[in-house]
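A.B. asks: Residue strings, one per chain:
2 protein chains.
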Amino acid sequence: MATLEDIGVSALINLFGAFLFLIAFAVLRIQPINDRVYFPKWYLSGDRHSPRRSDGNLVGKFVNLNFKTYFTFLNWMPQAMKMSESEIIRHAGFDSAVFLRIYTLGLKIFVPAMILALAVLVPVNVSSGTLFFLKKELVVSDIDKLSISNVQPESSKFFFHIGVEYLFTLWACFMLYREYNTVALMRLQYLASQRRRPEQFTVVVRNVPDMPGHSVPDTVDQFFKTNHPEHYLCHQAVYNANKYAKLVKQRERLQDWYDYYVLKHQRNPHKKKPTCRTGFLGLWGKKVDSIEYYQQQIKDFDHTMALERQKVLKDSKLMLPVAFVSFDSRWGAAVCAQTQQSKNPTLWLTSSAPEPRDIYWQNLSIPFISLTIRKLIIGVSVFALVFFYMIPIAFVQSLANLQGLDRVAPFLRPVTRLDFVKSFLQGFLPGLALKIFLWILPTVLLIMSKIEGYIALSTLERRAAAKYYYFMLVNVFLGSIIAGTAFEQLDSFLHQSPTQIPRTIGVSIPMKATFFITYIMVDGWAGIAGEILRLKPLVIFHLKNMFIVKTDRDRERAMDPGFVDFKETLPSLQLYFLLGIVYAVVTPILLPFICVFFAFAYLVYRHQIINVYNQQYESCGAFWPHVHGRIIASLLISQLLLMGLLTSKKAANSTPLLIILPILTLSFHKYCKHRFEPAFGKYPLEDAMAKDKLEKETEPELNMKADLADAYLHPIFLSFDEELDEEDERHQKETTEVRVDKHETQSSSPVTELGTPSHYQQHEVYNPTSPSSHYASAYEQSSSQYEYHYETHRYEEHGGYRYNN
Amino acid sequence: MATLEDIGVSALINLFGAFLFLIAFAVLRIQPINDRVYFPKWYLSGDRHSPRRSDGNLVGKFVNLNFKTYFTFLNWMPQAMKMSESEIIRHAGFDSAVFLRIYTLGLKIFVPAMILALAVLVPVNVSSGTLFFLKKELVVSDIDKLSISNVQPESSKFFFHIGVEYLFTLWACFMLYREYNTVALMRLQYLASQRRRPEQFTVVVRNVPDMPGHSVPDTVDQFFKTNHPEHYLCHQAVYNANKYAKLVKQRERLQDWYDYYVLKHQRNPHKKKPTCRTGFLGLWGKKVDSIEYYQQQIKDFDHTMALERQKVLKDSKLMLPVAFVSFDSRWGAAVCAQTQQSKNPTLWLTSSAPEPRDIYWQNLSIPFISLTIRKLIIGVSVFALVFFYMIPIAFVQSLANLQGLDRVAPFLRPVTRLDFVKSFLQGFLPGLALKIFLWILPTVLLIMSKIEGYIALSTLERRAAAKYYYFMLVNVFLGSIIAGTAFEQLDSFLHQSPTQIPRTIGVSIPMKATFFITYIMVDGWAGIAGEILRLKPLVIFHLKNMFIVKTDRDRERAMDPGFVDFKETLPSLQLYFLLGIVYAVVTPILLPFICVFFAFAYLVYRHQIINVYNQQYESCGAFWPHVHGRIIASLLISQLLLMGLLTSKKAANSTPLLIILPILTLSFHKYCKHRFEPAFGKYPLEDAMAKDKLEKETEPELNMKADLADAYLHPIFLSFDEELDEEDERHQKETTEVRVDKHETQSSSPVTELGTPSHYQQHEVYNPTSPSSHYASAYEQSSSQYEYHYETHRYEEHGGYRYNN
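Chains as they are written, first to last, in the numbering used here: chain R, 644 to 1448; chain V, 644 to 1448.
Mixed in with the good hints, there may be bad ones.
Copies of the same chain look alike in the list, so a pair counts if it works inside one copy or between any two.
[To be verified] The calculated lysine-lysine pairs, modelled on PhoX-like cross-linking and capped at a C-alpha distance of 20 Å, are:
1) K886 / K1078
2) K960 / K930
3) K986 / K1336
4) K1334 / K986
5) K986 / K1316
6) K1325 / K1313
7) K914 / K942
8) K914 / K960
9) K751 / K1336
Since the hints were derived computationally from the structure, they do not count as laboratory data.
Just chain R, same shape as in the assembly (with noise of 0.2 Å):
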């Protein structure tokens, strides 16, 4: 049991070490050279082309020579909190606004309850028995005597900690109904104010049924003239591009071949032109000049390209049985996402369309009935993952020893005979497994809740963070409880009475509370001081400015924004809530250290909000629901422990008073999610029609169909057009004549806000906020089959300069 001194001796280390972090981020940030590393947001944004230089000397250009602002390194802080709420959501989107309450509401929820809780509690504690509070001594001993458990059993002072548990819960219920309450309004507001955007009048129905003899386009467009004539407008079909994908693949390989090639030309123009051989590898074969060679290939590329297209956009067979229907007002795609439309609640499933770029295109074709059995699956899996995960992991560190390695590689034997080298491989190889399994867990979770189905990036993420919580609070909050795995709880849980389980955690949990104490300190403070030094994307961008980047553009695409990451973050904050609420009453001194952590986090996050992150989506805070729901699990929790924990200090007169507790905690969550949730999923016809209105009073003579006839086109298509639009005037013909069919209102009003004519500005409408290099990123990371880039232009500018900033 750590004494208060160990904990403090700690805290000043942890301190130290977020403030070195600190120290280190107030620096590097000034410098013009690690401009793009800390201020990425802006350059994204298109506020700042360059950095601020302290002076116009050469050496000004890369480190900070006024040294005035190296005294006030902490002046970030301030400056994080200058943007007010309404601009941070137009300069960050609305997900990161609401991210960043859900720290607010962890200060305004444990800031009172520390202030009850060390006023009430710790006196209660540590007067139990002899009243011995004001001697010195007992600020450097125990930690328990603090704690529930220097109270004697039997005691009628556990009245006080019923009643601090009592006015808590009241009190964290007020904040929460407030603050869902808040996000709710603004999340409609938010809706309300926004510009016309695809989303709005679109929804995406999936499972459309096979008619002999009809196209699926046909279908469809048959289906929605009879059953919504009033607001039909027009569809997407949505096709199987996996084929097309690859050759674009390709094709981007022989760009960047063509492109090595140019630029190994022009660093050195005096010499020969570079040639290639054009066989296996290039390592035999005719030898040619590469230039032309690669010029030609694309060139030839290009035409097989331009065909597959031609055939994946009208072969039927590819066709996936899935379409984003739109309808000429926002009233009419909110009726249709939330109508059933046909007998059979399988087909015609219809849902709000997620935004152009949320949406996952892969998952578009699964069919309806396989999404039970994926659901199924995926939710035995992760019961598996969560409670047997040690067991491949012990497997594998069982052969990971010293033995297997010499049994695998025995000409290393020489070197691992070696002491030193012994001694770190046996320390470090059994470790190893575990290590890289926590690494990749959440990227393992993000693919189960794809192999789940669902169509949008951001409902994935949502799943793959509740993954993510169940596993931590098993194995890091229980685990850290109980002695033992996962596996040996469940168990051992299987074999005890439902009474006696709240009880066995109930006891340990006064006993852990140094463990949490220094888990927060390392895991919270420290890690988030590390998350705003970066260190990560400052040393890769600095090798990529040295190695990679020739052009702007390059530069551009060089910088790592990174995103809040929220299949992350939500969960860790989520279990912050839990330790919060669980130790409120009982051991309320690790309340200050979660403040601590919420307020570092806020200014922090706050910070890389404002300068850093850029959101690859915005799902308009769909996960708040998430997010109050798991608090109002904590609080469960909490209430379920602390009645364990009391029926074995036998406070048989005082434990059933909170028995009512959790009854009351649940209708309370049931109020809230029939009072908000709704918010969340459904788009009321009141705001749909009062936002049609008002644009057909300020817009009369709107021309919606041209609009939205490619918004939801999928993303390669798009990108291809680009080339051709730049490249070849004839392909641009061929594949237009494809959409021209769709587009016979075009003529009437060719220049709209939501988009023009020109498939690029069309393409832009949808990330209005980052250039379309961000845009391929985006899609970059969550579908690498499909990756693409838009660099066509990629020699247009190019330099030998590196950091011409």
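Please build the complex by placing chain V on the supplied structure of chain R, with the hints as guidance.
C.D. replies: Chain V in isolation, oriented as in the chain R frame:
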């Protein structure tokens, strides 16, 4: 442990009892005097006006003298089978037809299961150890020899049981899927084939917000004109008519007195006219001519009522924040019912309107926020009722003994001292409280469901049925298997491990087989035979006929056709499914008894539905998802209990095979829920549009507004109108004025299929299969507060005759 012989004797006794009931039924039903008891449905449907007579003389009017018919006393069985399903739907409604399908589903599941289990498991069970299967003695030995108890622990024969459980589950799921599919399709076909009915065009809107300066109708009108401009037609406000309903009741009492005196005078017209006193209870005051006095009283009262009626209809304070909003198309109504209207999801709550006769008017005024609280309170109460109902009963029982009686009524002491009275009371009193409780339980549960705030009678019954099922599951099923009260069970379960519970229950299951076989015979076989005899309605009808009936109308009112009481029959039916499913593998000898029950009950209910019952409302089979869900739950329970049983038999090598079965069953349930349940809640737009189009083609000049304006007026206003039509033209004018505002377009096409301007006929529409008197009686039963009769002409056809059939 009962032997097979005991069971055989018990079966014989019960068969004999059932046989006696059937004989009595066969004799009673062919007596013309009982015709209205055993064939009321035909009277109500208008196909029969007087009983079939065997010959022309006076005795033949009352007693069947055709002795040939006595020998064919079972001919109701083939008769019951004659009618096809579609005819039953037309004749008795969709609910009744689907209700019958539950019995055929039971037969389809259990007959093959019985053959399989008897052919495979009984030999396996019996042959356990030594093969003395062929010995004659076995047949009369212990019933446990045939059950799983006979198999030695650790035997590998349990693989047979697991195999049969798998086969049985697969078969049951297959049948459930087919049946769900059929019922869902039938429902949609039925909806599509229905004539135009107000509920197809109407949506009930709850929680209309209070707009200062606007009345509820104005707010509703404005909101729907704005947000559903293309399809909104009109709406019907809902009034708080509690005070008016009281007046209606008082007037009825006056009418009764008036009727009484008129009758008294007419029986003896030569005597002087009856008189009464005007003072308190008619004991003092001025002596007046009764007939004239009540005539005057009624006239005065009608005036007061007309004023009150005006007040209710015009006072905006008495308007509830609820409205029935009608649309000009089924599509518009379906859209409005399925979408979210307002930013605030607790306002403007829309849902498909139930049939007018299905509405439970009192609950329309419950505000949304109190619904959560009401549901919470009722949830807790149901839990308490299920687990702790024995506590108050034990308390009452402790009072209701001889000593208690002596204390309350000491004057009875001489009587209670008599030995036979004493022993009777001692045996009778303690059980009385329990019997009364069980008798009123369904009513109590219905009241609880009413408090929960559902607005349709059909939903109320379904909710009450669910509660009753939980009660039976815990107190009949578990309570019989494990000795002790539900409260004691709950206590022991809380202190056992989750894996121990199925084992505890599983072990006792085979031992209770005999009890449940007896239960099936007594409650099932004999109970069903009692159902067909209709002893209570028979007696009540003849008593009423003797003392009350004066006119044909009275005789019709005296008929009590009854109805399928879903809130009692569904839960007990589900209990039989549970018994069959649980014992299919454990004690297969129980299955034949279940099959006989299903077959017999099917015949009886088919006969009753065709000849007797008259449903109060039509929910279009809305109870099917519940039936399906509970059978799935039974499958899960049986799997868990079999696992528990097998672990107690130490069948460690075979038991794990069972673990996958509940997971598969659950995902099957999830799939079915996705696939079929929407058909029971939402009206697909495709169907709505098709029906709309068809109608527009066949009847292009339809005036919907006039048809729908009054469809959802509170029935007490409608009933009053009818009287006024005939009694007082002046009142008529006054009261219709109110409604004229909504009838502006009435003149264009006054006569339509749906209704005519005459209120009486319009009223008829709701219940096309029965005359209005039954319509009134439906309301009587549903809400005594508003009960009101249509007997205006009670004395137009008066006569001294009793049985003038």
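A.B. asks: Each of the hints needs a verdict: does it hold here or not?
C.D. replies: Comparing the hints with the structure gives:
For the homomeric pair K886 and K1078, neither the shortest alpha-carbon distance inside one copy (37 Å) nor that between copies (74 Å) is at most 20 Å. For the homomeric pair K960 and K930, neither the shortest alpha-carbon distance inside one copy (42 Å) nor that between copies (95 Å) is at most 20 Å. For the homomeric pair K986 and K1336, the shortest alpha-carbon distance between copies (17 Å) is at most 20 Å, but the shortest distance inside one copy (32 Å) is not. Taking the closest pair of Cα atoms, K1334 and K986 come within 20 Å of each other only across two copies (13 Å); inside a single copy the shortest separation is 31 Å, beyond that limit.
In this assembly of identical chains, K986 and K1316 lie within 20 Å of each other by CA distance solely across copies; the values are 14 Å between and 29 Å within a copy. In the homo-oligomer, the alpha carbons of K1325 and K1313 lie at most 20 Å apart inside one protomer (18 Å), although the nearest pairing across protomers, at 23 Å, exceeds that limit. With identical chains, the CA atoms of K914 and K942 are never at most 20 Å apart, being 26 Å at best within one copy and 120 Å at best between copies. For the identical chains of this complex, K914 and K960 are neighbours neither inside a copy (52 Å) nor across copies (96 Å), given an alpha-carbon limit of 20 Å.
Neither within a single protomer nor between protomers do K751 and K1336 lie at most 20 Å apart by alpha-carbon distance, with minima of 40 Å and 57 Å respectively.
Violated hints for the displayed structure, listed by number in ascending order: 1, 2, 7, 8 and 9.
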